[in-house]
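Peer 1: For reference, the chains in residue letters:
Protein chains: 2
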Amino acid sequence: AGDSSAGQQKSAACMACHGADGKAAAPIYPNLAGQNEAYLGLALHAYKTGARSGGQAEVMKAFVAGLSDEDIDDLAAYYAGLKP
Amino acid sequence: AGDSSAGQQKSAACMACHGADGKAAAPIYPNLAGQNEAYLGLALHAYKTGARSGGQAEVMKAFVAGLSDEDIDDLAAYYAGLKP
Chain F
44 AGDSSAGQQK
54 SAACMACHGA
64 DGKAAAPIYP
74 NLAGQNEAYL
84 GLALHAYKTG
94 ARSGGQAEVM
104 KAFVAGLSDE
114 DIDDLAAYYA
124 GLKP
Chain G
44 AGDSSAGQQK
54 SAACMACHGA
64 DGKAAAPIYP
74 NLAGQNEAYL
84 GLALHAYKTG
94 ARSGGQAEVM
104 KAFVAGLSDE
114 DIDDLAAYYA
124 GLKP
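So the protein sequences, as listed, match chains F and G.
Each residue of the first sequence is one higher than the last, beginning at 44 in the numbering used here.
Each residue of the second sequence is one higher than the last, beginning at 44 in the numbering used here.
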């Protein structure tokens with residue numbers, strides 16, 4: 044599993060849409076706080092590989108492109124650990 | 044906005060993966076309880092139109108194909124209203 048404190052360090056770019064506490068800044072974006080860690084990792088990998096595409100996935104692809112697998116695991120651990 | 048009690052009636056097919064209380068039955072599926080209503084509606088419409096594809100979206104497309112716009116609004120209201 045990822046390292047949630049490392050994930051917090053890496054979450055600066057995510058905050059604009061997903062909020063500083065994992066509660067989305069706008070209702071068309073998903074809350075991430077308390078979401079399943081495995082699901083978050085799977086979704087981020089799907090954006091990275093392009094398996095998820097269309098709609099808001101196109102936005103996410105840009106954010107995820109530069110993330111390593113370790114970054115993805117850490118971010119998934121960080122958001123899963125936040126209180127919903 | 045949708046009618047959450049109508050949404051509850053329509054959620055039988057969703058429970059297998061998303062849980063009776065909106066907490067996913069398996070960690071690779073997303074929790075829906077307390078998710079943003081607008082995001083849920085947007086995601087369901089994207090599955091219905093095929094705008095979201097690939098990965099687990101292919102599973103969701105099958106479940107969403109038969110839903111009307113009103114069904115989608117009601118389900119989004121139902122899950123958004125559940126306690127995360």
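Bear in mind the hints are in silico, worked out from the structure with no lab data behind them.
Treat the numbers as computed from the prediction; the structure is a model and nothing was measured.
Heads up, some of the hints might be wrong.
Here are the simulated DSBU-like pairs of lysine-lysine, each with C-alpha atoms no more than 30 Å apart in a straight line [stated by the list, open to error]:
id, chain 1, residue 1, chain 2, residue 2
1, F, 66, G, 66
2, F, 91, G, 91
3, G, 126, G, 104
4, F, 91, G, 53
5, F, 66, G, 126
6, F, 104, F, 126
7, F, 66, G, 91
8, F, 104, G, 66
9, G, 91, F, 53
10, G, 66, G, 53
11, G, 53, G, 104
12, G, 126, F, 126
13, G, 53, F, 53
14, F, 91, F, 66
15, G, 126, G, 53
16, F, 104, F, 66
17, F, 53, G, 66
18, F, 126, F, 91
19, F, 53, F, 66
Peer 1: Look at each hint and say if it fits the structure.
Peer 2: A quick look at each hint next to the structure:
With a C-alpha separation of about 17 Å, the suggested pairing of residue 66 of chain F with residue 66 of chain G holds against the 30 Å cut-off. For the hint pairing residue 91 of chain F with residue 91 of chain G, the CA-to-CA distance comes to about 23 Å; that is within 30 Å, so the pair holds. The suggested pairing of residue 126 of chain G with residue 104 of chain G holds, with an alpha-carbon distance near 26 Å, which does not exceed 30 Å. Our distance criterion of 30 Å between C-alpha atoms is broken by residue 91 of chain F and residue 53 of chain G, whose separation comes to about 33 Å.
As the CA atoms of residue 66 of chain F and residue 126 of chain G are separated by approximately 14 Å, the hinted pair is consistent with the 30 Å bound. Taken as a hint, the residue 104 of chain F and residue 126 of chain F pair is honoured in the structure, with Cα atoms around 26 Å apart against an allowance of 30 Å. The hinted pair formed by residue 66 of chain F and residue 91 of chain G meets the criterion: a straight-line CA distance of about 26 Å does not exceed 30 Å. Taking the CA atoms of residue 104 of chain F and residue 66 of chain G, the gap is near 26 Å; set against the 30 Å cutoff, the hint holds.
The suggested pairing of residue 91 of chain G with residue 53 of chain F is violated, with an alpha-carbon distance near 33 Å, which exceeds 30 Å. Restraint check: the Cα-Cα separation between residue 66 of chain G and residue 53 of chain G comes to about 17 Å, which is no more than 30 Å; the hinted pair holds. About 16 Å separates the Cα atoms of residue 53 of chain G and residue 104 of chain G, which keeps this hinted pair within 30 Å; it holds. Proximity of residue 126 of chain G to residue 126 of chain F is assessed by CA-CA distance (about 12 Å); at most 30 Å being required, the pair is judged to hold.
Simply put, residue 53 of chain G and residue 53 of chain F have alpha-carbon atoms about 39 Å apart, too far for the 30 Å limit, and the pair is violated. Our distance criterion of 30 Å between C-alpha atoms is met by residue 91 of chain F and residue 66 of chain F, whose separation comes to about 23 Å. Note on residue 126 of chain G and residue 53 of chain G: the hinted pairing holds, with a Cα-Cα distance of about 18 Å set against a maximum of 30 Å. Taking the CA atoms of residue 104 of chain F and residue 66 of chain F, the gap is about 20 Å. The hint holds against a cut of 30 Å.
For the given pair, residue 53 of chain F sits about 27 Å from residue 66 of chain G by alpha-carbon distance, which is consistent with the 30 Å threshold. Simply put, residue 126 of chain F and residue 91 of chain F have alpha-carbon atoms about 26 Å apart, close enough for the 30 Å limit, and the pair holds. Restraint check for residue 53 of chain F and residue 66 of chain F: the C-alpha separation of about 17 Å stays at or below 30 Å, so the hint holds.
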